[in-house]
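As they're listed, the protein sequences go chains A and B.
Using my numbering, you'd call the opening residue of the first sequence number 1 and step up by one each time.
Using my numbering, you'd call the opening residue of the second sequence number 1001 and step up by one each time.
Worth double-checking, as some hints may not be accurate.
Listed next, the stretches of chain B that the computed footprint assigns to chain A, with coverage defined by at least 3 CB atoms under 8 Å from CB atoms of chain A [to be verified]:
no., segment
1, 1041 to 1049
2, 1053 to 1061
Restricting the straight-line Cα-Cα distance to at most 27 Å, the calculated cross-link-like pairs of lysine-lysine (BS3-like) are [to be verified]:
no., chain 1, residue 1, chain 2, residue 2
3, A, K313, B, K1033
4, A, K203, B, K1033
5, A, K410, A, K313
6, A, K313, B, K1095
Derived coverage of chain B by chain A (criterion: at least 3 residues anywhere in the stretch with Cβ under 8 Å from a Cβ of chain A; other residues may be distant) [as the list claims (entries may be wrong)]:
no., segment
7, 1029 to 1036
8, 1076 to 1087
9, 1121 to 1130
10, 1134 to 1143
Read the hints as simulated data drawn from the structure, not as lab findings.
C-beta: ideal position from N, C-alpha, C; glycine also.
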Amino acid sequence: MNTELLGIIATYGLTLVIAIPLGKYLAKVFAGEKVWTDFLKPIESGIYKLSGINPKEEMNWKQHMKALLTINLVWLVYGFFVLIYQDKLPLNPDGNPGMTPDLSFNTIISFVVNCNLQHYSGESGVTYLTQHFVLMFLQFVSAATGIAAAVVFFKAFRDKTSTQLGNFWEFFIKSITRLLLPLSLVMAIILAFNGTPSSYEGKDQFISVQGDTVNVSRGPAAGFIAIKHLGTNGGGWFGVNSSHPLENPNYITNIVELIAQVIIPIAMVIAFGIFIRRRKLAWVIFGVMTIGMLLLLIPTVSSELGGNPAIAKMGISQATGAMEGKEVRFGPAISGYWSTVTTIISTGSVNSMHDSTMPLTGLWQLLGMMINSFYGGCGVGVLNYFIYLILAVFISGLMVGRTPEFLGHKVEAREVKIAALITLLSPFLILSGTAIASYVFTTHGEAAWAVQPKNWLNNPGFHGFSEMLYEMTSSNANNGSGFEGLGDNNIFWNVATGFVLLLGRFLPIIGPVAIAGLLGSKKYIPESAGTLKTDTMTFALMTFAVIIVLNALSYFPALALGPLAEYFTMLK
Amino acid sequence: MVLLCVIYPLIVAFAGGFSKGKGGGEKITTNGKVVGYALLGQSFTKPEYFWGRPSAVDYNAAGSAGSNKGPSNSDYLQQVSDRIDTLLKYNPTIKKADIPADMVTASGSGLDPNISEQGAIIQIKRIAVARQLDEKTVAELVVKNTQGPLLGLFGPTSVNVLKLNLALDELKK
């Protein structure tokens, strides 16, 4: 067993050690039980008073969604204008320009929806003010939005029949004060002590050993990088994200950043089980997710360790594996692990350039984002998984000829319709988006946009197609990573992915919460011998099969044209 | 918002002030002059210095980027093959099979401060000749500047190019 693989095992092990107690803690926090962080209560009541919120006011699922959408709209409008006028605002030591309206449109949506697709580069496209007051602020609140939505969903299944689902603002504020902020603080300080900049100084200049003049971009990045991972946001301070030596200085910070992005998604699953008093169900869900992750992880790491066959032909030794787009201090193994977790969870931060990974790795990355629920993003992972779960309940119900039910509530036509629509939404957005992009690329190559369509692709052939497919998939999954060779800062990509982002975020939140709200308000039917049990091995297999079959049917043709075709050409 | 955008980053900035680089990034100085950042790679092209990895942005620390070249791109493969030829030209004693992949591929950030141990070993002979040093002395220096896996257990082995080159310059005095 070599040291690089040991690194992966240690990282995952540590993740579980932190995530499981965190899940227990979260369940208590949201149930309003006593926890050690209760000393923060005065801060919370201060916030409630300032904003005129009554945290005791109970809401039903529709009121919850109304609150969620309203506040998100406010953030959208606020951020859009600040980004456009950032050049005229303070805290801009490097003198960076304001954004174009289409770039601002894309950026603000992408940060509001927890995606952090970045069509600008951190060093030159934003200022310290917008990094903190728009982008980092949204990294906190968009993650908290996802968590709050998930808690509403938990609440629907806690009691036998209930339309009283707690208060959205209370869940939202607590997600920040009890979870995101304290963890970020600890992590930011760890990063700062390992070499990530944290002061407000602007660009630096020095003369290198060989006499070249070098400019160095810096800035208060440590706090930003902490929340970008904990909140599964993924947007980097610097253009190249966590492969930048200042953003991710060494192997220790690499482990810390890897752990940070996985703990909350796992903790949410554990919290779900404790919160609704069905721990076994949570473990079954966790099991399916983990197996799914391993099935994507193992081939990824092995294809990266194998190296690039075309370079092997030149007679170069790839003792450590494929190195294009990777950093020596991490190596291909843990970079492969990172690329898996960042795509199955909707983080989208990278420590190596996905565009340069092996064709099959690209395939697993795409598939991870298409499924989007093996752990999944902060809060929303559980919600995405729930859709698959409802479909599995429905299909197994049909197979055995019984009325499908979930946790004592009948699943009827209306709920299944919502689930089916949400399932169809992703392939629709991804495939039609890619189709339109390919059409524009081939027929309107000369369009006078910031980047002409004929110059969009950094790589020819099948790989170029993968670049477009990846961009659309990443937007729909609210992931935010990219095959960054794509020339995406122009009106077509900014606007098209902007809409995909919005639909791909809010419908998959509203859908599951609506189903949960509807189910929760139905009469509770006590379990009997005839009940389909959802916390068994058989049902776990069933859910897994539903996930695989649905995604394979939806995406196989597109994947065959992109990464698979590239893989087989390289075998020649 | 005040809590998140003002208080939180200020606490971090304050704490970061106690770290090695005082929150502005750790700098390396020789003879009172800043010659680089410990974490940022810089361009080395002269034969008497150890070279770093190819960079898609020529080590521009104000505009990081990877090459984003796909593995099957024929232009890219031509580039790799040219890099191999350059290495062989400047290091005539090595064989193709000695060259590790990191020396002919661009890093993700374009600012990778490290090369692999093997990447340093293949350059020892050239540097010894250029600096009229004993090969053994240079080899010892490489070993001294090699960073093993974390706790000896986790992760890869790497060499910080800047620190190694500065150590070389020290030798001369």
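Mind listing which of the numbered hints don't hold for this structure, in increasing order?
-> 3, 5, 9, 10
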